[in-house]
Amino acid sequence: MRPARVMYGSHAVAEAVAACRPGVIATYQISPQTHIVERLTYLRASGQLNSEIVRAESEHSAFSVALGASLAGVRAYTASASQGVLLATEVFYTMAGMRLPVVMTITNRTVSTPLSIQPDHQDSMAIRDAGLIQFYVESLEEAYATHIQAFRVAEDPDVLLPAMVCMDGWILTHCYEPIQVPTAEEVDSYLPPFRPVQSLDPDRPLSWGAFVDDDSYMEYRWSVVEAMERAKAKIREVSRDYAARFGRSYGELVEPYCAEDAEIVLVAMGSVAGTMKETVDALIARGRKVGLVRIRCFRPFPWEDIVSSAPRAKVFAVLDRSVSLGGQGQIAADLRGYLHGQKSPAVIGFIGGIGGRDISPKAVEDMVALTERFLDEGKIPPAPVPLGLKTEVSSNG
Amino acid sequence: MRGDIPLAAVDQPGTSRAYHTGAWRLVRPLVQEEKCTGCGLCNLYCPDAAIQVVKSERGSRRVARFNPLYCKGCGICAAECKAGAITMVTEDNAREAAK
Amino acid sequence: MADTKVDPRSRDVRDDEILAPGHRACPGCGTAIAIRTVMRVVGRRVIVVTATGCLETFTSPHGYSAWEVPWVHSLFENAPAVASGVAAALRYLGRTGVPVVAIGGDGSSFDIGFGALSGMLERGDDVLYVCYDNEGYMNTGFQRSGATPYGASTSTTPAAAGSLGKTEHKKDLARLVLDHDIPYVATASIAFPADLMAKVRRALAIKGPRYIQIHCPCCLGWGFDPSETVRIARLGVQCGLVPIWEQERNTPRKSLAVRNPVPVEEYLRAQKRFSHLFDGSEEGRRVIREIQLIANRNLEDMSASLSGAGTSEG
Amino acid sequence: MKEIRIHGRGGQGSVVLAELIAMAAWNQGKFSQAFPYLGGGGERRGAPVQSFARISDKPIRLRCRVQTPDYVIVQDPALVELVDVTRGLKPNGLVLVNGAVVPAKLLNAGFRVYAVPASEMALKETGRGIPNTPMLGAFARVTGELSLDSVLAAVGQKFSGEIRRINEIAVTVGYNSAPGLGREGE
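Residue numbers (the numbering used here), protein chains in the order written: chain A, 41 to 437; chain B, 783 to 881; chain C, 84 to 397; chain D, 0 to 185.
Hints were generated in silico from the structure; no laboratory data involved. We put the CB at the ideal spot given by N, CA and C, even for glycine. Be aware that a few hints might be false.
Residues from chain A shown here face chain B by an in silico Cβ test under 8 Å; the list is partial [as the list claims (entries may be wrong)]: (1) Met138; (2) Arg139; (3) Pro236; (4) Gln238; (5) Leu246; (6) Ser247; (7) Ala250; (8) Tyr378.
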């Protein structure tokens with residue numbers, strides 16, 4: 041391991057990506073992702089990276105470049121956020137359908153309208169159904185580790201799916217903090233060189249992306265369903281191996297925190313989990329049976345790991361930083377679906393941190409207090425509960 | 783490609799040959815070999831690679847021969863033949879002519 | 084022909100077609116002629132990227148690929164970007180001698196994928212881009228595109244009591260491509276296969292982004308008998324509405340000579356999409372006159388840069 | 000844990016100032032964190048920006064913005080009129096404001112307030128009026144949270160060549176200009 045040092049979030053990601061030695065990196069800038077691709081182009085310009093860099097004219101093209109490069113047999117990487125993710129939506133589906141192990145960073149930012157560059161998970165949630173593995177990280181060190189793990193999971197012949205590492209924009213991308221990460225040599229020993237399964241090769245001239253009818257489309261889709269399921273074991277294994285080699289662990293599919301004895305179990309993902317851990321400590325010190333299960337991998341959805349990490353849970357208090365408009369928070373919806381028919385634990389869906397609304401320890405305490413009240417009253421709200429919503433929003437300033 | 787992982791609709795090369803579009807045809811080209819100069823224009827203009835210049839069965843000249851497996855009967859070859867050696871006929875008429 | 088389906092591995096016919104027969108193009112398809120002609124020059128050592136469209140659909144029903152070369156289709160508007168990615172991967176792998184050819188129709192090239200095409204050209208990526216121009220969205224039933232000519236009736240610019248078809252002129256994409264200052268730009272027609280093949284050969288010998296736009300009549304969309312495809316294509320060139328030229332960087336533009344141009348009426352009259360112009364109305368006559376003016380301008384423009392080599396006689 | 004909030008304008012180096020605080024703290028064996036808040040078009044030069052830093056003996060897990068700072072640094076005294084710079088400041092909190100004098104609005108507000116003519120110093124020492132490194136020096140001295148050595152080391156890690164040299168001078172001038180709080184060793 042390299043000695044711990046203060047690193048800048050976007051540069052840490054760029055260095056992690058560089059350590060994975062991608063053959064092609066496609067770039068397009070959007071806040072708060074820009075510093076990642078800027079750094080990668082700098083690493084290339086200064087001779088510290090030998091990847092081919094393609095500076096695309098849109099995110100749709102950037103992701104398409106990565107798709108073409110991956111199919112042509114090299115490790116491919118790109119990054120985006122917000123509108124860029126939405127613009128490239130259909131490319132994610134084709135990547136997943138072609139089973140291309142492209143790894144990408146999504147620096148989570150909310151989506152228009154109104155236009156905002158502040159963080160929430162609405163962008164990556166909008167493509168959760170596309171067939172990509174989705175990691176959400178809490179810290180810079182985890183972001184570094186997860187990019188390396190993501191390539192290994194994505195490229196595993198049993199998985200072969202694109203993977204995105206989601207990190208909260210600004211909060212993590214623009215953060216400086218001390219982190220300890222493996223050396224480039226250590227990354228080499230952990231992440232084997234890319235062995236492409238797909239290829240575009242005149243000596244083996246295959247046709248990719250044919251059109252199919254009702255006779256086989258469902259089977260192809262189902263193969264992705266099954267690959268996603270296989271990815272669960274692979275993610276656990278790859279995370280354990282990372283911990284064993286480098287002595288640093290960030291959980292597997294989930295990271296439980298004081299969840300073993302907790303009756304009220306917070307469920308969340310991304311950077312807010314750190315604030316929640318602090319709050320859980322404070323509440324436990326006050327004698328409350330509170331814990332946290334941080335979801336590290338949202339797709340595939342690790343419902344078994346959530347449930348088994350919190351055996352005494354009476355209620356899962358879920359915080360979604362996104363909302364399916366006209367429905368509920370996506371994590372809450374999934375968890376409710378899997379727990380359907382069970383009397384306990386209940387699921388309460390909170391929506392918070394939308395458009396960058398800050399989530400302080402006080403907000404987390406409010407969430408716990410509301411949960412206790414709902415439990416006491418025996419009324420579990422079916423609708424999402426907003427956290428930190430102002431009662432009035434001025435229309436002009 | 784791993785056999786046990788279905789990778790999105792990947793195909794072996796040239797497998798379309800297994801689909802015989804000749805069944806779409808209503809009329810077919812009839813080549814009058816004595817008129818055919820073997821210039822190959824019909825082959826160049828055929829959308830379906832369904833007409834080739836081959837050695838005549840009746841002599842040593844090279845003449846156009848249509849491929850019944852794939853010819854869709856569009857008639858471009860007949861329309862473009864400078865020697866007027868190709869006419870479009872129904873299958874029945876073609877059989878008649880072959881006698 | 085009792086059965087249309089046999090063992091996919093069987094090769095009933097010995098041929099060396101790169102775009103294999105058995106594809107599902109309509110009888111008399113101009114696009115199939117164009118791409119078959121292009122591929123016989125390109126050969127087997129190539130990677131082909133294709134946009135969504137007629138070509139992709141008729142050549143790639145699953146289990147029946149018409150492609151003898153490595154081929155990928157991803158989406159409607161991203162073929163140039165996918166090709167850029169393929170070219171970058173080949174560069175990274177140090178793999179030379181394998182050209183990348185991207186193919187899109189006019190819908191993908193003129194309209195939805197225009198940004199991606201422009202991006203690829205501007206970046207200087209080593210890709211030969213081939214646009215098969217059948218002047219509309221044929222795959223979805225002949226809607227108008229930026230390539231649809233003035234006066235044509237399409238399913239989204241229908242000729243009706245109050246309308247004479249498309250009121251906008253055809254986008255001159257080849258000129259726009261030329262303005263990217265790339266090393267090779269050419270237009271071609273399926274009616275002139277020798278010219279088209281020579282252009283593909285020249286383009287293949289050049290590095291960097293290259294563009295060839297091929298005029299491909301569509302019998303179904305345009306409304307003429309399938310046997311007429313090549314004749315219509317030839318008339319398009321001979322009347323001056325389809326200018327055929329090529330330009331290599333730093334050399335004068337070369338145009339196909341059109342001797343004794345035919346009136347546009349002859350070209351228009353042969354196609355159902357223009358039939359409303361011949362209803363005897365003054366409006367119809369006016370539109371035809373305007374179309375003649377477009378042709379005249381093209382012819383003047385081309386005569387200034389005659390190649391002397393090819394002629395409209397083919 | 001000590002929490003710091005920095006108010007500045009785009010172009011005044013507020014994010015770099017937070018970063019240098021985080022690096023200096025790490026240099027002297029503390030855990031640290033720094034991050035910006037760019038709201039209201041805060042990516043633009045001149046627009047009000049905030050950045051935050053935390054210093055702690057333990058790894059820092061909080062990811063919320065600094066709402067109840069121990070220290071506030073104001074890089075541009077004019078911001079005092081635009082922004083409630085002391086919002087949430089702890090009762091015994093401290094404000095460090097760029098300028099020759101303490102703005103009237105901050106007088107008698109119940110906080111310790113120090114004025115540091117950082118822009119002036121920066122202009123003199125670096126030829127550019129970017130106040131962040133003199134403010135950093137002054138912050139180290141006034142609060143006693145950071146040693147001059149660890150701050151200079153951070154400047155060395157961040158910058159190189161001439162930029163490093165002039166910023167080392169700027170930090171030192173800022174440090175020496177500010178009153179210490181009389182802690183041991185200061």
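Now for the hints, and whether the structure bears them out:
1. Met138: With a minimum Cβ separation of about 4 Å from chain B (threshold 8 Å), the hint on Met138(A) holds.
2. Arg139: Interface hint status for Arg139(A): holds (5 Å vs cutoff 8 Å).
3. Pro236: Violated, because the Cβ-Cβ distance from Pro236(A) to chain B comes to roughly 10 Å (cut-off 8 Å).
4. Gln238: holds (6 Å)
5. Leu246: The hint holds - Leu246(A) has a Cβ within 8 Å of chain B, the shortest such distance being about 5 Å.
6. Ser247: Holds, about 4 Å.
7. Ala250: Result: holds, 4 Å to nearest chain B Cβ.
8. Tyr378: Violated, about 27 Å.
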